[in-house]
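The chain contents come next:
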Amino acid sequence: MADLDTSSGGGHGKHKGGAKRTSPRVDLTPMVDLAFLLITFFMLTTQLGKSVAMNLSMPKKDPNAPPTEVKESKVLNLIADKDNTLWYYPGTTVAGLKKTDYTPKGIREIILDKQKEVKAKFGLDKEGDSQMIVLIKLTDDSNYKNMVDILDEMDITKTRIYAIQDIDPLELEAIANGGNAKTSD
Amino acid sequence: MARFKVKKNSTWVDMTPMCDVAFLLLSFFVLTAKFKPSEIVTISPPTSSATEEVADKFVTFTIDKDGKVFMAIGKQAKREQIFDKFFEINKAKYANIPVTPAIKKGFAHQDIFGSPISQLPSVATKDEGELRELFNAGKLTGIPTDSTNNQLGDWIMAARYVYAETENEDQPPIAIKGDKDTNIKGVKRVIDILKEKDVNRYKLITVLESGGAN
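Line by line, the protein sequences are chains A and B.
Numbered according to our numbering, the first sequence spans residues 14 to 198.
Numbered according to our numbering, the second sequence spans residues 999 to 1212.
None of these hints come from the bench; they were simulated from the model.
Values in this document were obtained by computation on a predicted structure and should not be read as measured data.
Among the hints, a few may not be true.
Said to hold, decoys possible - For the chain B half of the interface with chain A, some residues (derived, Cβ under 7 Å), not all of them:
#1 V1004
#2 S1046
#3 V1052
#4 A1162
#5 G1176
#6 D1179
#7 T1180
#8 N1181
#9 V1185
#10 I1203
To be verified - Computed footprint of chain A on chain B; a stretch qualifies when at least three of its residues, placed anywhere within it, have a C-beta under 8 Å from a C-beta of chain A:
#11 1085-1093
#12 1103-1112
#13 1196-1202
What the hints assert, rightly or not - BS3-like, lysine-lysine: derived pairs with alpha carbons at most 27 Å apart:
#14 A:K139 - A:K95
#15 A:K150 - B:K1183
#16 B:K1124 - B:K1073
#17 B:K1183 - A:K111
#18 A:K171 - B:K1102
#19 A:K84 - A:K63
#20 B:K1055 - B:K1102
#21 A:K139 - A:K171
#22 A:K139 - A:K63
#23 B:K1089 - A:K150
#24 B:K1124 - B:K1089
#25 B:K1186 - A:K112
#26 B:K1186 - A:K73
#27 A:K63 - B:K1103
#28 B:K1073 - A:K171
#29 B:K1006 - B:K1055
#30 A:K95 - B:K1178
#31 B:K1063 - A:K63
#32 A:K87 - B:K1186
#33 B:K1102 - A:K150
#34 B:K1178 - A:K111
#35 A:K73 - B:K1124
#36 A:K150 - B:K1178
Cβ atoms here follow ideal geometry from the backbone N, Cα and C, with glycine treated the same way.
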């Protein structure tokens, strides 16, 4: 078809012994290469940058509902602060806040460690998930990416019980104080 | 003259059919690829490992870097319904807004709405290019969310009513889309309003994480 075969391979022998005629047959291999390269490129780029949705369920508003009692040792607090810093502390007493970051080595390790600790103490729940409770707090200086990162981490570590809460003034104080709770006097 | 020469088999493979197939596939992918809808409000959402695909039916509240809130109703048929509902349930409140069929039609044609309702008559008649100009000039101020003038809440209520009546869904398919750098205060405000209006389940729009970095 597209190969123009006018080579003097067979038959006529008119030019016998004359200068060799170059074949105008075009090698299409590079063109095929290019086409497949483009196909691959388009297929890959359509996958990237695709929007995906993340589910978020919040508790129903019910002003009369009593605050849920939780075991202190199941709780892990994560506080997203400015400039992608993340503070964390276990339990319900604001003390000994430590800094970490959003990398798998940072936040994920901490969550998984706490999960192990909770598992050793309380076992798993009926569905086989950890009973750890993560309380997510976001300071006014954090951004939307921080929130999505933490929620994504909940999904990755299969943490089922978490809540986004308002930040406690004590926690703000502790952060301002470099992680240590303010001594009472 | 050697008339009967033994024909030598050529090793040359004809690449033409392969080339044809390759380009056919290429054109197929190029043509079927959905163009990214040209967005008036440019947002670069954070990445996540979520897998659920974004559906057309979402009512998306976009929060841009400055914390301005925009509303994008995916289905055009729903736009008119939500628009009607909005004025039906807030008749007294927005009685001074002239609602003409032209304004309604204009609203239904716009992919994204992000103005106080008082500006509706002037904004609804704009086309996409004009809206983009307005946005770039900072003239699209977003839907007001302050507690004294909570128009966002009214829009959410209108969406809830429409989805409850037409689709029998208690929770409308609401999604929140924010920029990576959107301050959390704006997002929290929208979440609070959603909570106030008893919308407890919604989606966060993110983009697929590229590669296996983590």
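Hint-by-hint comparison with the structure:
A distance limit of 7 Å between C-beta atoms decides the matter here; for V1004 (chain B) the minimum to chain A is near 11 Å, and the interface restraint is violated. This hint holds: S1046 (chain B) has a C-beta 4 Å from the nearest C-beta of chain A, less than the 7 Å allowed. Look at V1052 (chain B): its Cβ gets to within about 4 Å of chain A, closer than 7 Å, so that hint holds up. Because the smallest distance between the Cβ of A1162 (chain B) and any Cβ of chain A comes to about 16 Å, over 7 Å, the interface hint for this residue is violated.
Taking 7 Å as the C-beta contact cut-off toward chain A, the hint placing G1176 (chain B) at the interface holds, the least distance being around 4 Å. The restraint placing D1179 (chain B) at the interface with chain A holds, with a minimum CB-CB distance near 5 Å, inside the 7 Å limit. Hint on T1180 (chain B) holds. Least Cβ distance to chain A is approximately 4 Å, under the 7 Å limit. Hint status for N1181 (chain B) relative to chain A: holds, with the closest Cβ pair at about 6 Å, below 7 Å.
For the restraint placing V1185 (chain B) at the interface with chain A, the shortest Cβ-Cβ distance is roughly 5 Å, inside the 7 Å limit, so the hint holds. A hinted interface residue such as I1203 (chain B) counts as satisfied when its beta carbon comes closer than 7 Å to some beta carbon of chain A; here the least separation is about 6 Å, so the hint holds. Closer than 8 Å: that is the beta-carbon criterion, and the segment 1085-1093 of chain B has 0 residues meeting it against chain A, so the requirement of 3 is violated. By the rule of at least three residues with a Cβ nearer than 8 Å to a Cβ of chain A, the coverage given for the segment 1103-1112 of chain B is violated, with 0 such residues.
Coverage of a stretch by a chain is defined here by at least three residues with a beta carbon nearer than 8 Å to that chain's beta carbons; for the segment 1196-1202 of chain B and chain A the count is 6, and the condition holds. Only pairs whose Cα atoms come within 27 Å are accepted, and K139 (chain A) paired with K95 (chain A) is rejected, the gap being roughly 38 Å. The straight-line distance between the Cα atoms of K150 (chain A) and K1183 (chain B) is roughly 12 Å, inside the 27 Å bound, and the hint therefore holds. Taking the CA atoms of K1124 (chain B) and K1073 (chain B), the gap is about 19 Å. The hint holds against a cut of 27 Å.
Proposed proximity of K1183 (chain B) and K111 (chain A) is supported: the alpha carbons are some 24 Å apart, at most 27 Å. Annotation: proposed proximity of K171 (chain A) to K1102 (chain B) is violated, straight-line Cα distance about 45 Å (limit 27 Å). Straight-line distance between C-alpha atoms of K84 (chain A) and K63 (chain A) comes to about 40 Å, which puts the hinted pair past the 27 Å bound. The suggested pairing of K1055 (chain B) with K1102 (chain B) holds, with an alpha-carbon distance near 20 Å, which does not exceed 27 Å.
Taking the CA atoms of K139 (chain A) and K171 (chain A), the gap is near 14 Å; set against the 27 Å cutoff, the hint holds. Restraint check for K139 (chain A) and K63 (chain A): not satisfied, since their Cα atoms lie roughly 35 Å apart, outside the 27 Å limit. Note on K1089 (chain B) and K150 (chain A): the hinted pairing is violated, with a Cα-Cα distance of about 39 Å set against a maximum of 27 Å. Only pairs whose Cα atoms come within 27 Å are accepted, and K1124 (chain B) paired with K1089 (chain B) is accepted, the gap being roughly 25 Å.
As the CA atoms of K1186 (chain B) and K112 (chain A) are separated by approximately 23 Å, the hinted pair is consistent with the 27 Å bound. Proximity of K1186 (chain B) to K73 (chain A) is assessed by CA-CA distance (about 16 Å); at most 27 Å being required, the pair is judged to hold. About 30 Å separates the Cα atoms of K63 (chain A) and K1103 (chain B), which puts this hinted pair outside 27 Å; it is violated. Pair hint K1073 (chain B) plus K171 (chain A) does not hold up; C-alpha atoms about 33 Å apart against a cutoff of 27 Å.
For the hint pairing K1006 (chain B) with K1055 (chain B), the CA-to-CA distance comes to about 64 Å; that exceeds 27 Å, so the pair is violated. A threshold of 27 Å between alpha carbons decides the hint, and for K95 (chain A) with K1178 (chain B) the separation of about 13 Å falls inside it, so the pair holds. Our distance criterion of 27 Å between C-alpha atoms is met by K1063 (chain B) and K63 (chain A), whose separation comes to about 20 Å. For the hint pairing K87 (chain A) with K1186 (chain B), the CA-to-CA distance comes to about 26 Å; that is within 27 Å, so the pair holds.
Pair hint K1102 (chain B) plus K150 (chain A) does not hold up; C-alpha atoms about 41 Å apart against a cutoff of 27 Å. Simply put, K1178 (chain B) and K111 (chain A) have alpha-carbon atoms about 24 Å apart, close enough for the 27 Å limit, and the pair holds. Taking the CA atoms of K73 (chain A) and K1124 (chain B), the gap is near 39 Å; set against the 27 Å cutoff, the hint is violated. Proximity of K150 (chain A) to K1178 (chain B) is assessed by CA-CA distance (about 18 Å); at most 27 Å being required, the pair is judged to hold.
Consistency with the previously given hints fails for numbers 1, 4, 11, 12, 14, 18, 19, 22, 23, 27, 28, 29, 33, 35, ordered from lowest to highest.
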